[in-house]
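Chains as they are written, first to last, in the working numbering: chain H, 1 to 293; chain L, 1 to 293; chain V, 1 to 246; chain Z, 1 to 246.
The set of hints was computed from the structure by calculation and includes no laboratory data.
Bear in mind the structure is a predicted one, so any value in this text is a computation, not a measurement.
One or more hints might be untrue.
Now the stretches of chain V that chain H is said to cover, found in silico as 3 or more residues with beta-carbon under 8 Å [what the hints assert, rightly or not]:
(1) 41 to 52
(2) 66 to 74
(3) 103 to 115
(4) 138 to 152
(5) 160 to 171
(6) 233 to 241
Ideal Cβ placement from N, Cα and C applies to all residues, glycine included.
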Amino acid sequence: MRDAVAALVHDGDTVVIEGFTHLICFAAGHEIIRQRRRDLVLCRLTPDLIYDQMIAAGCARKLVFSWAGNPGAGSLHAFRRAVERGEPPLELEEYSHFGMVSRLSAGAARLPFWPLRDYMGTDLPAANPLIRSVDCPYTGERLATVPALNPDVTIVHAQRADRNGNTQIWGLLGVQKEAAFASRRVIVVVEELVDESVIRADPNRTLIPGLVVDAVVMEPWGAHPSYAQGYYDRDNDFYVRWEAISRDPVELGRYLDRFVHGVRDRAEYVERCGGLERLRADTRVCAGVNYGY
Amino acid sequence: MRDAVAALVHDGDTVVIEGFTHLICFAAGHEIIRQRRRDLVLCRLTPDLIYDQMIAAGCARKLVFSWAGNPGAGSLHAFRRAVERGEPPLELEEYSHFGMVSRLSAGAARLPFWPLRDYMGTDLPAANPLIRSVDCPYTGERLATVPALNPDVTIVHAQRADRNGNTQIWGLLGVQKEAAFASRRVIVVVEELVDESVIRADPNRTLIPGLVVDAVVMEPWGAHPSYAQGYYDRDNDFYVRWEAISRDPVELGRYLDRFVHGVRDRAEYVERCGGLERLRADTRVCAGVNYGY
Amino acid sequence: MTAVAARELRDGEVVFVGIGLPNLACNLARATHAPGLVLIYESGAVGAEPARLPVSIGDPSLVTGSLMVCGMADVFQCLLQNGRIQVGFLGGAQIDRYGNINTTVVGSYAHPTVRLPGSGGAAEIAIHAHRTLVISRLSRRAFPERVDFVTSPGHRMGGRTRRELGMPGAGPVRVVTDKGVLDADPESGELVLAAIYPEVPVEAVRDGVGWPLRCRPTLETVPPPTPTELHLLRDVLDPRRLYLKG
Amino acid sequence: MTAVAARELRDGEVVFVGIGLPNLACNLARATHAPGLVLIYESGAVGAEPARLPVSIGDPSLVTGSLMVCGMADVFQCLLQNGRIQVGFLGGAQIDRYGNINTTVVGSYAHPTVRLPGSGGAAEIAIHAHRTLVISRLSRRAFPERVDFVTSPGHRMGGRTRRELGMPGAGPVRVVTDKGVLDADPESGELVLAAIYPEVPVEAVRDGVGWPLRCRPTLETVPPPTPTELHLLRDVLDPRRLYLKG
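Bound-form chain H, shown alone (with noise of 0.2 Å):
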């Protein structure tokens, strides 16, 4: 993960590290606060305690997003004060999910936009120049547009791939493929590296080709506090206490040095967090199915 960040994240990247909940890379996150990476532009649907995280470590310059908030558990307080007072700066792009989910499909597909019926009557709009929008050519109707994002360096968080950045993700998708094929530069960072033959065994499985993928990371429990399908679950409780720790840029200071700064990699965060042995996943294996011909 180091050489893999030293080598394809710079200053001043738009960086997207995407994932719905689920899979959201924070090993990768720590990864480029350890690194001081400066001025980057933070692009995610939620920024999650991971932008938070890097907010608070000024990391980042600008923040292109569609949702700010500590799912049921209240609110992401570094991003606030940047926001409410400028500790520190952050200038703001906004949209909707259903904006900037259509963002990154322009970008995956190398259109300079995407259409989509969405805004009308509300004020985002006149927050956000960058809404624009564009007419029928066979309807005449006018559709509102959201321009491509296309980021220098996408982190992927998933399940499994091979060496050569193969990628298959179960459970909830996100936009991850969208964010790999929309990037310059991609990182793929999984819970097991697996042979190729494991990938070749279930196609269908694969959402990112290695042919997109520019490094592969192996780095278990790399997504915690976020969760892996299948690996382990969320850790809720964790949530919750980000909630206090945010609340206080002391305590969000102490919580950085304790276990990014403090820590060399992933397996130094997990032994510092006591192990992570309770969030492990049961199993509920399905059916395979027939390749045959």
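Position chains L, V and Z relative to chain H; hints supplied.
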């Protein structure tokens, strides 16, 4: 099948029977011929033998397509007779594969059009005035557009579904998902009708949700001479034989009398084919994945 | 409040479920009069049957045993924009006289006094769902005459109607609060008092909104939660009181 | 011809494979100098390793054991339009002086003397693939001065260049025939003779095209197929002579 077609396919309908080489529902096509539907607007990327037969049987008023050949074997002669000699007259609306895929993507998203970077320098827009263009509201770039395709009825063949139409497909996916979501009415035809628990055991395998499906029909061997991955192989010999059959209108008439009008249902068709066991798929079952948490 | 919202759902309907009380209401409806309710979460789980009360909209329990899991592009394009969602649930920090909802900022957008999470999927749900239901506790702060920012459109925005703006859905037809139920007037689109809870005086509801609240000619009384509903909510669905207060 | 086409492929390249000779050429390349070739079929199979010679572009053997199977919307939007395809293979009933290809009609579009299959994915492959290779037997009928219908654009269409028309790919840079190899002239975009097969006189090639064929200053001679190449083609890849004639 008889009831589903009687209830959901009407004279003059715009009909999509999709499946790219894989999962082409010949059973439905034959039933539509038996019920003597007329003036249909038939849409498919590759008309294939199924639409060649429906054109010969006089079901079609118009064909919307992107590649009209007999893959690896020759021509669709009923189609060619209609176009080259007007026997019978057939209206054409022609795109490329990318254009047809985009028309169904727009239909599935209920957008009136879809933008794509295509057709510059080709004679296709001159041949089809529905291929138009739109200017990007960000870059000013001119992009091609195709209009949404929203069929009256789409018939999707699949490996399995539950009684509510929650449908799972593996192997080549073609545009089955887009066609189903784009359509006003949807018939799903499956090799196996399975219990809902089978679907729920592997929800990532579900391509079409029951909430868009109007009828589910179980029809083993329903795709022959096309194929169903994991169930039976493509009948390549028949595709080769079709070259001779379709070249001679009399031969083609005899084929329809014997294998379509001359049988009551799919079971009798399979019988008349002398059974299809020779095409039964061998076993290449993949491993399952863990949905636990 | 949750029980009242649950009764708004009809068996077999396709519902776009938000987290918190809406999720409770949907699962209560499934456990009582609407076993055929199809729950869709914006995270991509379709026909979910969560074995535990999901803490987040992306909880793994929404995936395991669901009918389908799809990417979010499919959720918004092929399900929501496609018009397959019959009911959407919304909440908000501010709801105004015409059902416009604000989940973006308190104060100005450029210099907010309180920065709220933003739209998420709320803007498009309010636009596309056949109808939306709003659940919110009543208070003058939460029900101003006009919201500071329109995140999710209601029935009248800058004097223009939904139809004029080309919105497919009917919008927030009903707002369920802890004191009474407000309906959107079919003519004006204004929220009016349609029903009150037992022992709640109309004045108590009037005091809870920031505009002169009109009443339906005949005010209904909301039947209180049945023992079954209370048992399911407190002992089965939310025993740890994640969402139920008091 | 197939062996010569195979040599045009570099190890590790991502190739959009057509059925027939292109498929043979790609599998020959994989079996010889380019084991890392990534085969992508428009049907959605990525990194296919067919255990038999696929009769159609959608053969089940392309799926079993492949690296990924995706829907066709992803093939065209996320792979082809995204610019991930380095080499595209095209064939055609007519190829003209500027590499324009016709697979639509012989005669007029409204009243064709011969109706051909149409574009399929050929139009977008010719536009987006970084470069395209054309395989076709040489004849005046197949190589007219101008095609009856431009299905897949070459280097000059109605006097306009690919760059003027905003095409991402370089187009048909090389045409491999059974008598010689034609290259697109970097300046004019015109197809010129670059190499001939042993014992084939230049006149034989000139007679096979419908325009005054220019020659490169120095004509290369195409090395004949090696015994290994012939063995693989005839005994391993196409023993039933599905595509190899004579």
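Cross-check of the supplied hints:
no. : hint       : verdict
1   : 41 to 52   : holds (count 4)
2   : 66 to 74   : holds (count 5)
3   : 103 to 115 : holds (count 6)
4   : 138 to 152 : holds (count 4)
5   : 160 to 171 : holds (count 6)
6   : 233 to 241 : violated (count 0)
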